[in-house]
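Visitor: Sequence:
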Amino acid sequence: MSAILNTYNRKKIAFTKGKGAFLYGTNGKKYLDFVQGIAVNCLGHANNYLTKSISKQAKKLWHVSNAFIIPEQEKLARRLKQKTFADYVFFQNSGAEATEAAIKFARRYFYSKGQPRKNRILCINNSFHGRTLATIFAGNSKKATEGFGPKVDGFDHFNFGDHKGLEKSITNRTAAIMVETIMGEGGIKVIPDYCLVGLRKLCNKKKILLILDEVQCGIGRSGKFFAFEHAKIKPDIVPIAKGIGGGFPIGAVLLNKKVASGMKPGLHGSTFGGNPLAMSAGNAVMDVMFKKKFLSSVTKNGNYFLKELNKIKLKYPKIIKEVRGKGLLIGICIYKDQSKFIKRLLENNLLTVRASENVVRLLPPLNVTRQEINLGLKIIEKVCKKFK
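One rule links them: number in the working numbering = place in the sequence shown (from 1) + 5.
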């Protein structure tokens, strides 16, 4: 009997090692991993460059307090600033922590401007921003919030795609709109570029902040470094995590100078955030991510994967309802039981993960090969052919 708290419906499988897009099970089987720690291992398993970078740093220094200057942290922050809209970066350890910090920074900004009651955050119903008390109520999913009351106040909501409902929900107490640029757990729902442009204009008009949660869809996953770059807009705050560490826990918040003006020493902190070992992983990921043609290859492979999946959809219209996504953040919305479909894929040595709205998520490493994509397609079509 396991001593681990029963909060996961774990598959009865464990792994001994991984390499690139593959995992090797204790049962002797080789699996094509299109979960990758849920969009975390952006360079796949045991990437040589990432391994060498972490090993080199591990021999020098693992952790020091943020009471001191951390050169590796300064380097990664500077690189993120150069590649994005951000003027400042705050490092933490996870996506939930990053989203919590984004909420704090938004509220503190208006407090510092003499508007302490301008502190409510407007979010999409059934979105996902983490599993802390604040972030589950920001997402407003019944499943996530049930039994964890009293409700954490300070969040208002509108439905995905309901533009009139969004505008109507903005009050003189609204500090920010916070949405996932591409909803991951919510079913791989892409906010169209024109809507993101509209959101930016609306926030400017109402003089409120735009927070774009790119914890899952950021760091190259969409084919751009950040998914909002497709719309050519600049948000005010962006929480990130997952891919930036390539498998090592890193969370961060990117923010512009305006928002940063509300924060002073002592108002926020993190014991482990930005430690030298984590920063070596982040800098290694950046080295690879911005090699010539890396991001364009994500776009090309993503477009190919989506095109071929839509061909399978046309062959099996009673199985696949819709193919969703952008880049290598892909979802297959199926008509029948998604759990059974995922189980059949597993039986054929393809690892996938569920999302809301009966969606099966496909999250290969960003350096996946065309041959590995074709293997995944072959397995998916095989399962569709026999699925009942």
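Honestly, the hints are just simulated from the structure, not real lab data.
We put the beta carbon where it would ideally sit given N, CA and C, even for glycine.
Check each hint, because a few of them may be wrong.
Said to hold, decoys possible - Distance ranges between label pairs, derived from CB positions:
1) 8 x 354: 48 to 56 Å
2) 10 x 76: 36 to 44 Å
3) 375 x 87: 29 to 37 Å
4) 292 x 17: 18 to 26 Å
To be verified - Heads up, simulated PhoX-like pairs for lysine-lysine below, C-alpha to C-alpha not over 20 Å straight-line:
5) 348 x 323
6) 316 x 305
7) 296 x 80
Visitor: The structure should be examined with respect to each hint, and the outcome stated for every one.
Guide: Status of each hint after checking the structure:
1. 8 x 354: 48 to 56 Å: violated, 30 Å
2. 10 x 76: 36 to 44 Å: holds, 38 Å
3. 375 x 87: 29 to 37 Å: holds, 31 Å
4. 292 x 17: 18 to 26 Å: For residue 292 and residue 17 the Cβ distance comes to about 38 Å; the hint is violated.
5. 348 x 323: holds, 18 Å
6. 316 x 305: Measuring from Cα to Cα gives roughly 17 Å; hence the hint holds.
7. 296 x 80: holds, 17 Å
This entry does not satisfy hints 1, 4, going by the numbered hints stated previously.
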